[in-house]
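**Student:** Sequence:
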Amino acid sequence: MARTATAVIKLTAIKKNYLYAKSLAAPAKAIATVKANAYGHGAIEVAKALTDVADAFGVACIEEAKELRDADIQAPILLLEGFFTADELTYISENNLWCVIHSQWQLEALQQARLTQPINVWLKMDSGMHRLGFLPDEYAKAWHQLTEMSQVNNIVHMSHFSSADDINSSFTAQQTVLFIETINNLPGDISIANSPAVLTKALTKTLTEKLTQELTSREQWVRPGIILYGACPIDDEVLAQPLIPAMTFTAKVISQRVINKNDSVGYNALWTAEKTTKIGTVSIGYADGYPRHAPNGTPVYINGKQSRVLGRVSMDMMMVDLSMFTQEDCIGFEVELWGDNILASKIAKCCETISYTLFCGLTRRVSRRYIT
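Following full-length UniProt numbering, the numbering of the sequence shown begins with 1 at its first residue and continues without gaps.
Please note that the accuracy of each hint is not assured.
[Stated by the list, open to error] 16 Å max Cα-Cα, derived EDC-like pairs, lysine to aspartate or glutamate:
id : residue 1 : residue 2
1  : Lys141    : Glu108
2  : Lys35     : Asp87
3  : Lys48     : Asp72
4  : Lys201    : Asp236
5  : Lys305    : Asp329
6  : Lys29     : Asp189
7  : Lys349    : Glu237
8  : Lys201    : Glu181
Keep in mind that the hints were calculated from the coordinates and are not lab data.
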């Protein structure tokens with residue numbers, strides 16, 4: 001029998017989430033972000049499920065783009081970090097990849113490249129996150145350099161919000177204004193909205209106030225990521241409600257026992273029974289991607305009932321409370337770690353992390369099963 005750690009992934013949910021994101025951003029086009037193996041959901045499977053609706057796909061690096069092209073995904077693919085070495089430009093040109101340019105060294109490498117066909121460039125501006133991109137006072141110069149290159153076919157203006165997941169932050173509006181003012185006299189499509197900005201329509205008010213008629217007429221691109229997979233990047237039940245969780249992560253009870261009052265459970269005896277308690281061992285651990293630092297009481301869903309984690313999560317196993325199953329033989333009971341009944345965002349909050357890290361942290365030994 002195979003080990004029971006399984007991620008069941010509903011591709012129809014991902015498709016519905018993409019279409020929902022696109023409807024919020026209409027009439028903008030939407031890049032489906034499938035970097036990091038589609039946030040742990042399987043890049044090839046997700047891209048194939050979206051191929052008839054997605055305007056383009058976004059990945060982090062050329063290896064991720066190659067994986068999609070080798071799987072016969074023909075839609076445009078945007079390299080969100082651009083190229084890492086100049087020799088990647090040949091593949092980018094030959095395979096119609098869109099490429100972010102964020103640094104002067106990339107401009108110089110592109111200018112010296114001999115390409116079979118020009119590429120589409122997404123020129124990144126650092127509007128305040130200070131991670132990648134040209135500073136506002138450098139941006140126009142970089143844009144003009146690109147316009148003079150025979151290696152460049154088209155230029156899209158882009159930036160990235162740092163705080164769109166904080167609905168009380170004024171910084172998103174500040175970034176938007178800076179972005180608009182910088183590109184105002186530079187032709188080209190625009191892209192700045194990520195998942196939280198799409199959900200909150202963070203651009204709407206600022207764009208209405210600041211966009212000139214000329215800018216309003218430009219094509220806009222949004223870049224939804226985590227919301228495609230049914231997780232909300234903002235702690236807001238109203239915003240989260242329309243999203244459909246795509247992944248249900250489960251394992252099974254493989255051992256059960258009754259322990260006495262004052263008996264302890266797991267490494268370092270982090271949980272001690274206050275009374276006689278039925279407990280179970282589940283075939284899941286941090287080597288599968290479940291967080292080791294999940295505290296006592298982190299919720300799980302067992303055979304239709306909510307329960308809790310007991311003690312420290314170990315490499316391959318963890319213990320759970322089975323006291324609600326007084327008479328039942330619990331061997332083989334399914335344990336939902338996150339999914340439809342317990343949202344990944346809830347587990348992430350218990351563990352003081354984010355759902356992104358949970359999804360991306362699933363390891364190779366977790367089997368993935370796809371439902372269309």
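**Student:** Does each hint fit the structure? Answer for all of them.
**Tutor:** Going down the list of hints, with the structure as the test:
The suggested pairing of Lys141 with Glu108 holds, with an alpha-carbon distance near 13 Å, which does not exceed 16 Å. For a cut-off of 16 Å, the pair hint linking Lys35 to Asp87 is broken: about 21 Å separates their Cα positions. Proximity of Lys48 to Asp72 is assessed by CA-CA distance (about 9 Å); at most 16 Å being required, the pair is judged to hold. The hinted pair formed by Lys201 and Asp236 meets the criterion: a straight-line CA distance of about 14 Å does not exceed 16 Å.
For the given pair, Lys305 sits about 15 Å from Asp329 by alpha-carbon distance, which is consistent with the 16 Å threshold. In summary, the hint linking Lys29 to Asp189 is supported, as the alpha carbons are separated by about 11 Å, within the 16 Å threshold. This hinted pair checks out: Lys349 and Glu237 have alpha carbons roughly 14 Å apart, not beyond 16 Å. Taking the CA atoms of Lys201 and Glu181, the gap is near 20 Å; set against the 16 Å cutoff, the hint is violated.
Checked against the numbered hints listed earlier, the structure breaks hints 2 and 8; every other hint is satisfied.
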